[in-house]
Amino acid sequence: MSSTSALGALTPRYRVAVLLLWLAAMALAGWQITRTSFTADLSAFLPATADAQQQVLIDQIRSGVPARTLFIGIEGGDAQARSAASRQLAAALRSSGRFDQVSNGENDAWAGVGRWMVERRYLLSPAVTPERFTAEGLREGIDETLSLLGTPAGTALKPLLEQDPTGEVQRIAESMIPVKSPRTDDGVWVSREAGGTPPRAVMLAVIRGDGADLDGQQAAIDTVRQGFSRVQTPGLTLLVSGAPVFSVDSRAQIKGEVEWLALTGTLVMSALLLAAFASPVALVVAMLPVATGILAGIVVVSLLFGNVHGITLGFGSTLIGEAVDYAIYYLIQARGQGGTGWRHWLRGNWPTVRLGLLTSLCGFAALLFSGFPGLQQLGVFSLAGLVGAVLATRFVLPVLMPDGARGQGLRRPLGRAARSAIAVLPRTRGLWVALGLASVVLVVQRDGLWRAELSSLSPVSREALALDASLRADITSGGDGGAFVVVQGPDAETTLQRAEAAAARLEGLVNTQVIAGFDSITRFLPSVQTQQQRQAALPDTPALQAALAEATANGPLRAARLTPFVEAVTQARSLPLATPDMARAGALAPLLDALTLQHPDGHWTVLLPVQGVGDAVDIAQVRAALQGVPQTQALDIGGELGRMYSRYLGEARGQAALGGLGVLLLMAVALRNGRRVLAVSQPLLLAVLLCLGGLALCQVPMGILHLVGLLLVVAVGSNYALFFDMLQHGGGTADDDTLASLLLANVTTVIGFGLIAVSDIRALSAIGSVVAPGALLALVLAAAFASPARTPPKPL
Amino acid sequence: MTTGTKTQRPDRLQGGRRACLAAAVSLLALGPAAALAQSGATAFDLGALMAVLAQRKSGEARFTEERTVSTLDYPLRASGRLTFQAPDRFARFTEEPTTESMEVQGNQVLLKRGKRTRQMTLDAVPEVAALAEAMRGTLSGDAGALQRHFRAQVSGTAARWVLRLTPLDSRLARTVQQLEIAGLGADVRSLDLRLAGGDRSLMLVEPVAEGPASTPATAALK
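Residue numbers (our numbering), protein chains in the order written: chain A, 1 to 796; chain B, 1 to 222.
One should not assume that every hint holds.
Claimed, not checked - BS3-like cross-link-like pairs, simulated, lysine-lysine; straight-line CA separation at most 30 Å: (1) A:180 - B:112; (2) B:112 - A:158; (3) A:158 - A:180; (4) B:115 - A:255; (5) A:158 - B:57; (6) B:57 - A:180; (7) B:57 - B:112.
The set of hints was computed from the structure by calculation and includes no laboratory data.
Modelling step: build the complete structure from the supplied sequences, incorporating the hints.
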């Protein structure tokens, strides 16, 4: 240490230099933070993937129509009041300009699409081929149309009969019959009132604009609420759900939680430190490594990820509890006179702190490989935060308080309590081992311990999810995400042609009842090639008239009445072909939006949602049927996400095991003694076992976050175990002060994780509820399994 | 859908068959009134009719249908098969002049036309749902299902009855004026559907004997 004087006190030049460097780093960090964007995007806690196939799906979840779709319900009152309110609210939403599409069952909403279908029927109908316009083909078409007349279903067709005797509109409409659509009553969508769903009018509204624009979504949701408040029918209540509500609410919730956690964490820690040191100066100094760590964490995350997730900040509050430990160790253990106390700490305690830091880093590093961007952020945040806090402790604290903190406060009683506990604890080893064995039995016996689902990562509450599921079941075919055929291509025309090929294969599956149905933009907007083929199939006027005369001879429908039909076909022969731009400019825009993705580089993706027979889609059969259609894949989003999650869970278990192994390895390298390593690992292993046992006992469904928690128990607990090892082998003396620092550090950690354990954000509470008891157990067990020989006996 | 079936155009049908149909209908329509006059006081109401119908748990029948449409020069005819299985399965298979079918089970409808198949939910289209309920409700003897959508009037006796259904819902009434179902005992024998525009569909139903005896019955109809 060339920068220090021979006496062991720091030179003023060194002190100034360190402080300036530190202040400069903090200022830079502060500047970077002002440029950082903070997000509350839920998809960060969905698995990320490099697979292009799955990326499509993530794209869609992030920014597609599902991210902009509101599910709305109106409950209370009587059926008539609800349907009137539904009409009134839908009208208000349609005229607000904030929505691409508002569907409540009223047919008028589809008038534009209907007009498009009628006008372009000879370019849209799959029945249009040259054979269709022979006498035989025309007769067949007319027969089919007639077979519906005189039935209630034919009532709608009758006015079209003379323009469209071959029923092309009907043929197009038939291909669009939705497999599952909401129950309709009094002209609006209503709930099925099955399975306890209360009677309600339901509607669906797609917000205009970018799904990531949370302010825009908030404004749209407000528009719904204001629109409903103007309905002014007493007794009616409004329900709003869907991804936009979740995003907006989560943002608000995460913001609130982060503020609460930061405030409570700081207050509780401050109170504790003040009680321990009875010195405001010590309190401020102890908070410096914490502040440094948090700044470092935010800055590194912001530089690596481009943004900082709200949940990362919430998790950061646990860093308060962790980072303050280093300060506590330093302030208590750096004892000396004339500015040389820090040397005492550097010699006696710093190696242990450093090893503890390394084992903690090892634990958090496992998060980096989790495959969830959200968890990776937590990992990076913690790594950078701990390193920042330790660096501040190592270099800045000696400059500010070279002799530690002298204040006594509660240190004495804490130390005494710790000592008496340590005297008793080794006698309870048998009990802990027995409990550990019981945990093993419990864990082995419990089937499906790792059964937490993907939804357990979501910050959305169970009640909100239940309401969402209920409204969705009323409106859509249900199921999360559903199944899609995804077709890609370099431009619109190629992609549409491929989609037509895929649709033809899917049509076959519908006919053999492998799937119940599917949607495709090509029914509204065929490729130019297909439109040209259909146009070329249309005969000229004389030919059509001749064929028609033959086809209708002796039939109930005389050719003379079909002049509008002949005119329509003649017109269609020169109708400009529909292009995506034309479709987007008109009533088809929402459909185009929902069923296609247009990328900035011009390449296209067409989505064909597939509906299964019953609840599930036989994706393997769909894949088999699509063999050979270029750039076409079948995805089962719900299943895919579930599978991805379980794969990540499996991977994460491997990574956690590796992380644990890394901790052991580090300790083995540092301690170079098998027996010491064993002594240090025993309490860690037992702590993990007991946590697992406790979770199994409470029937908590375990997921990836509990796994992360267990890893943190090892990472944090190793600090305690090493501490006791140091007391026994490293020549440190276990006086009351040292024990007090250990106890204090543990209490702050338990409080830090305890705070997030009671958080409403489930991702955080899962981690907290494992680490808080785990850290306490780790300390108790470390004391219980430390051999008491070297601690000088001190009668109470 | 062969060209052979196409030749069955109404003008080529035997006039006798149509006359037969008309006679049968008038018999059915008049019959109950006469029977009621004979039996006098004993009121045969909806509950009693439903009790009779509820005894039948499944059935199969052949139908012939004649539809009168105002814009067409002469009536349209169709024939095929009807099946029913309590409580909620009902299907109509049209065999002439084109092959198509509608199968209702619970809230699911399966439509087939030639080789094309479509599946849809029944209650999404209230008009269709109401008519399906009329059929199913009658066949299964479910008064509640009928009265949800219709005003039901019963005349006749248990042996020979007429059930007249008038839509309650004004939307349905815009399409359907009334549906008159006539039957003998537990057998439905005719359905007379009058649409709001004046069009009419009359369906005569001939039960097929239980068991594998459907072929002779088919032959008998022809």
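Do the hints match the structure? See the list:
1. Proximity of residue 180 of chain A to residue 112 of chain B is assessed by CA-CA distance (about 17 Å); at most 30 Å being required, the pair is judged to hold.
2. For the hint pairing residue 112 of chain B with residue 158 of chain A, the CA-to-CA distance comes to about 21 Å; that is within 30 Å, so the pair holds.
3. Using a Cα cut-off of 30 Å, the hinted pair residue 158 of chain A and residue 180 of chain A holds, with the two alpha carbons roughly 26 Å apart.
4. Between residue 115 of chain B and residue 255 of chain A the CA atoms are separated by roughly 57 Å; this puts the pair beyond 30 Å, and the hint is violated.
5. Of the pairs offered as hints, the one joining residue 158 of chain A and residue 57 of chain B is violated, with about 37 Å between alpha carbons and a cut-off of 30 Å exceeded.
6. Among the hinted pairs, residue 57 of chain B with residue 180 of chain A is consistent with the structure: their alpha-carbon atoms are about 28 Å apart, no more than 30 Å.
7. Restraint check: the Cα-Cα separation between residue 57 of chain B and residue 112 of chain B comes to about 25 Å, which is no more than 30 Å; the hinted pair holds.
Hint compliance for this structure: hints 4, 5 are not met, and every other hint is.
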